[in-house]
Amino acid sequence: MPVAAIVKTDPSRDFARISETVELLSVHWRQQPSLAWVAERIGLSEFHLQRLFTRWAGVSPKRFVQFITKEAARAHLDDAASLLDAALACGLSGEARLHDLFVRYEGMTPGEFKAAVRGQPMYWGEVDTPFGSALAVFAPRGLHRLEFIADAGEREALLAELRRAYPEAVWQPAPNDRLAPLAAAFLAPRGSAERSVLSLCVSGSVFQLKVWEALLAVPPGRMVSYGSLAEALDRPSAARAVGNAVAANAVAWLIPCHRVIRESGVVGHYRWGRQRKLAILGWEQATQPAAR
Numbered sequence: 047m048p049v050a051a052i053v054k055t056d057p058s059r060d061f062a063r064i065s066e067t068v069e070l071l072s073v074h075w076r077q078q079p080s081l082a083w084v085a086e087r088i089g090l091s092e093f094h095l096q097r098l099f100t101r102w103a104g105v106s107p108k109r110f111v112q113f114i115t116k117e118a119a120r121a122h123l124d125d126a127a128s129l130l131d132a133a134l135a136c137g138l139s140g141e142a143r144l145h146d147l148f149v150r151y152e153g154m155t156p157g158e159f160k161a162a163v164r165g166q167p168m169y170w171g172e173v174d175t176p177f178g179s180a181l182a183v184f185a186p187r188g189l190h191r192l193e194f195i196a197d198a199g200e201r202e203a204l205l206a207e208l209r210r211a212y213p214e215a216v217w218q219p220a221p222n223d224r225l226a227p228l229a230a231a232f233l234a235p236r237g238s239a240e241r242s243v244l245s246l247c248v249s250g251s252v253f254q255l256k257v258w259e260a261l262l263a264v265p266p267g268r269m270v271s272y273g274s275l276a277e278a279l280d281r282p283s284a285a286r287a288v289g290n291a292v293a294a295n296a297v298a299w300l301i302p303c304h305r306v307i308r309e310s311g312v313v314g315h316y317r318w319g320r321q322r323k324l325a326i327l328g329w330e331q332a333t334q335p336a337a338r
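Residue 47 is where the sequence shown starts when you use the numbering used here, and the numbers rise one by one after that.
Simulated pairs of lysine to aspartate or glutamate, EDC-like, Cα-Cα distance not exceeding 20 Å:
| no. | residue 1 | residue 2 |
| --- | --- | --- |
| 1 | 256 | 280 |
| 2 | 256 | 158 |
| 3 | 256 | 152 |
| 4 | 256 | 277 |
| 5 | 108 | 92 |
| 6 | 108 | 69 |
| 7 | 108 | 60 |
| 8 | 108 | 86 |
| 9 | 108 | 66 |
| 10 | 160 | 207 |
| 11 | 160 | 214 |
For the record, the hints were derived by calculation from the structure and aren't laboratory data.
Between the sequences and the hints, there should be enough to build the whole structure, so can you do that?
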């Protein structure tokens with residue numbers, strides 16, 4: 047199998063340390079753990095941990111812990127829910143540019159998607175993000191999947207699953223000009239003109255597509271509950287179905303299923319791990335202009 051181009055940002059081992067730090071902070075936030083206490087358990091010097099964490103999040107571990115408490119999460123829920131209602135009232139639809147105006151979203155049913163890729167190229171590649179390595183899969187009309195992976199073995203297992211699902215597609219390594227804009231999207235400042243528009247092309251049931259589109263209306267640094275998301279879709283009794291649709295999302299970060307949490311403020315399940323979800327939520331809040 048040919049090796050796809052790889053766009054590098056920060057090494058994955060750094061995120062492993064960040065993830066472990068985030069987990070410690072999330073468990074012990076009530077005690078407001080000192081830098082020395084955290085550094086000892088991570089196995090780094092205080093200086094190294096402070097420098098690594100600040101480079102990644104833009105804030106110190108002490109400041110970061112303020113963004114991942116249950117109380118902080120709950121404070122964001124009502125505000126985000128009202129913004130979500132307003133956004134959906136504007137009539138977001140398939141070709142709308144959403145998500146800070148840099149994502150273009152298109153949805154298809156599984157049958158439509160399978161027909162669309164028959165005999166067409168499907169490109170795959172690996173990209174490093176602030177949250178670890180991710181497998182990117184591109185259909186002819188846009189990014190189809192973005193899944194965080196632990197290692198090459200997990201990458202190959204996912205690729206094998208996709209080849210079985212779309213055997214008539216022509217699988218090829220992704221050229222750098224497809225991967226580079228995706229890597230840059232994680233690094234560019236919010237609202238930066240340097241960001242390229244990223245086209246998404248996803249497949250799911252009609253209900254799943256509506257849920258994923260609604261997720262694109264939740265602003266960075268905000269969170270919404272499963273119940274509020276169901277109400278915004280005029281399905282107030284369908285919180286469980288909404289939860290299943292959120293969990294089925296296979297485009298990490300860009301379709302921000304990480305912004306959905308429980309009414310209590312508890313972060314809860316995430317397809318790519320609870321620690322990573324905490325890290326993403328805290329990172330997004332920390333990198334918002336008002337957070338510094």
